[in-house]
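Trainee: Next come the chains, spelled out residue by residue.
There are 2 protein chains.
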Amino acid sequence: MTVRPVLSSATRKLTHDVDVMDERGRSSIIAIPAEQPLTIYVDKRELVTLMTLGGAPEALTLGYLRNQRLIRDIEDIVSVQVDWDVDAAVVVTRGGLGEVAERVARQTVTSGSGAEGSVFTDLMEEVDTISLPADARLKQSTLQTIIEKVRTHRSIYKQAGSLHGCALFSSEGELIYFAEDVGRHNAVDAIAGKMWFDGVPGGDKIFYTTGRLTSEMVMKGAQMGIPFLLSRSGATQMGHMLAERLNMSLFARCSGPHFLLLSGTERFIFDVETSKNVS
Amino acid sequence: MTVRPVLSSATRKLTHDVDVMDERGRSSIIAIPAEQPLTIYVDKRELVTLMTLGGAPEALTLGYLRNQRLIRDIEDIVSVQVDWDVDAAVVVTRGGLGEVAERVARQTVTSGSGAEGSVFTDLMEEVDTISLPADARLKQSTLQTIIEKVRTHRSIYKQAGSLHGCALFSSEGELIYFAEDVGRHNAVDAIAGKMWFDGVPGGDKIFYTTGRLTSEMVMKGAQMGIPFLLSRSGATQMGHMLAERLNMSLFARCSGPHFLLLSGTERFIFDVETSKNVS
Numbered sequence: 002m003t004v005r006p007v008l009s010s011a012t013r014k015l016t017h018d019v020d021v022m023d024e025r026g027r028s029s030i031i032a033i034p035a036e037q038p039l040t041i042y043v044d045k046r047e048l049v050t051l052m053t054l055g056g057a058p059e060a061l062t063l064g065y066l067r068n069q070r071l072i073r074d075i076e077d078i079v080s081v082q083v084d085w086d087v088d089a090a091v092v093v094t095r096g097g098l099g100e101v102a103e104r105v106a107r108q109t110v111t112s113g114s115g116a117e118g119s120v121f122t123d124l125m126e127e128v129d130t131i132s133l134p135a136d137a138r139l140k141q142s143t144l145q146t147i148i149e150k151v152r153t154h155r156s157i158y159k160q161a162g163s164l165h166g167c168a169l170f171s172s173e174g175e176l177i178y179f180a181e182d183v184g185r186h187n188a189v190d191a192i193a194g195k196m197w198f199d200g201v202p203g204g205d206k207i208f209y210t211t212g213r214l215t216s217e218m219v220m221k222g223a224q225m226g227i228p229f230l231l232s233r234s235g236a237t238q239m240g241h242m243l244a245e246r247l248n249m250s251l252f253a254r255c256s257g258p259h260f261l262l263l264s265g266t267e268r269f270i271f272d273v274e275t276s277k278n279v280s
Numbered sequence: 002m003t004v005r006p007v008l009s010s011a012t013r014k015l016t017h018d019v020d021v022m023d024e025r026g027r028s029s030i031i032a033i034p035a036e037q038p039l040t041i042y043v044d045k046r047e048l049v050t051l052m053t054l055g056g057a058p059e060a061l062t063l064g065y066l067r068n069q070r071l072i073r074d075i076e077d078i079v080s081v082q083v084d085w086d087v088d089a090a091v092v093v094t095r096g097g098l099g100e101v102a103e104r105v106a107r108q109t110v111t112s113g114s115g116a117e118g119s120v121f122t123d124l125m126e127e128v129d130t131i132s133l134p135a136d137a138r139l140k141q142s143t144l145q146t147i148i149e150k151v152r153t154h155r156s157i158y159k160q161a162g163s164l165h166g167c168a169l170f171s172s173e174g175e176l177i178y179f180a181e182d183v184g185r186h187n188a189v190d191a192i193a194g195k196m197w198f199d200g201v202p203g204g205d206k207i208f209y210t211t212g213r214l215t216s217e218m219v220m221k222g223a224q225m226g227i228p229f230l231l232s233r234s235g236a237t238q239m240g241h242m243l244a245e246r247l248n249m250s251l252f253a254r255c256s257g258p259h260f261l262l263l264s265g266t267e268r269f270i271f272d273v274e275t276s277k278n279v280s
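Those protein sequences? They're chains A and B, same order as listed.
Each residue of the first sequence is one higher than the one before, starting from 2 at the first, in this note's numbering.
Each residue of the second sequence is one higher than the one before, starting from 2 at the first, in this note's numbering.
A few of these clues could be false.
Which copy is meant is left open, so a pair is good if it fits within one copy or across any two.
[Unchecked claim] The calculated lysine to any residue pairs, modelled on SDA-like cross-linking and capped at a C-alpha distance of 25 Å, are:
1) LYS45 - GLU126
2) LYS140 - ILE31
3) LYS14 - GLU127
4) LYS150 - ARG73
5) LYS45 - ILE31
6) LYS150 - MET22
7) LYS159 - GLY212
8) LYS45 - ASP84
9) LYS45 - LEU15
10) LYS159 - HIS259
11) LYS140 - SER29
12) LYS45 - THR94
I should point out that these hints are in silico values taken from the structure, not numbers from a laboratory.
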């Protein structure tokens with residue numbers, strides 16, 4: 002039986018009201034997303050400060066540790082305690098980050114703070130070690146269900162805008178997790194953290210993001226073992242190249258019944274009649 | 002007289018054609034943005050790998066060095082030579098990064114690789130040292146001109162999507178620079194690099210970005226000394242808070258005649274008749 006870390010359930014206000022003036026000089030109050038620094042401490046050592054909406058700080062912390070490959074096994078984490086009074090996530094581990102993880106931490110940060118490719122250098126070496134399930138299939142009808150569920154999901158974005166969202170779906174199109182954050186990497190990391198904590202495998206899942214399908218997004222999906230990546234946005238060359246190499250099925254421009262499938266076409270099953278197919 | 006670095010003029014293809022399949026099973030070819038790793042070497046030492054569109058690699062390199070506060074004076078840079086055959090930007094300096102810069106480099110990367118707030122910790126300390134000109138003014142008619150110029154500007158985005166763009170305008174609404182990249186931070190850094198190289202001050206300029214007005218974007222604008230920040234997107238709480246503290250004029254949701262002014266209202270001059278004002 003997996004021994005899971007003890008997590009706090011820290012909450013905070015996710016929107017913030019501000020006075021604005023429009024083009025006719027009219028004043029009004031609008032809601033904008035909260036954005037808070039969250040400093041992660043591992044065994045009393047400061048690791049990193051993330052800017053976050055703050056909707057799922059414990060999951061974000063877990064996902065960050067996992068996706069940066071700082072801790073390999075969830076059982077090595079005793080607890081994650083978030084305290085918004087001091088903007089801190091305090092992580093206690095069983096054995097510390099260890100020498101290897103410290104080296105990895107240093108490599109990761111060196112390879113691109115503030116850049117799209119912050120985990121690029123590390124992960125390129127890992128691409129060829131990742132194997133996504135060849136037998137996973139996604140039906141067009143399920144894809145349409147997922148796109149519709151994302152469209153109608155209650156979100157802070159709908160209140161306040163300026164957020165990236167992502168979601169994990171089952172192969173039947175059931176929503177498993179939804180996360181939003183000011184940075185799309187944080188939103189992905191929060192989903193990864195939830196999957197890690199709950200022991201949810203990625204091999205039969207579908208991942209949706211509002212963000213673009215860049216190299217980093219494809220690699221994060223691959224790290225989670227997910228063969229299907231959907232976005233309402235487009236893809237970049239490196240995202241496409243990596244998806245082809247990983248044999249990941251990449252769907253760009255998902256909107257209503259529309260999509261563009263860029264790679265991994267053999268996993269897709271057309272089961273919606275063409276006549277119904279285009280709005 | 003300022004001695005400016007010698008720059009290469011490296012070029013590469015900025016779009017990439019891929020085969021896609023749509024919801025009716027139809028194949029076609031679409032253009033997506035290029036995305037290339039660019040590794041910056043300073044005095045033969047590897048510094049960072051950025052993922053970039055590749056449209057302005059020399060300016061991106063300069064802007065990265067400046068915005069990360071690794072080099073304070075443009076005269077300290079002898080040359081920047083980009084070679085796409087090896088995806089490298091080779092920087093030669095007069096005196097090296099120096100001990101202080103090395104410490105800064107380490108701090109910066111430690112404070113948040115892959116996160117929105119990668120330069121947050123450093124810059125919070127600098128906010129109160131930055132003073133934006135109180136007497137700069139922006140007319141509503143100029144704002145409208147700028148929004149229209151951005152809308153009609155020739156861009157890779159219009160061909161291939163999936164890019165962030167930003168632009169620098171004069172107080173008369175003349176376009177000075179335009180930059181696009183896969184990451185919005187890179188696009189800003191490229192503009193900063195051009196300003197640095199050309200010795201263009203920010204105090205009377207207007208900065209436009211397609212990206213959201215987050216803490217990091219506001220801070221990058223402040224570092225460039227620019228009092229006016231425009232976006233077609235929204236703002237986050239920290240972006241708004243910092244803009245208020247810096248007394249920067251922040252315009253969100255710029256579209257046609259519309260905008261929402263969130264801070265620094267005293268710098269704005271309503272000079273467009275209300276009747277013409279709303280489409």
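Trainee: Output the indices of the hints that this structure fails to meet, ascending.
Mentor: 3, 4, 5, 9
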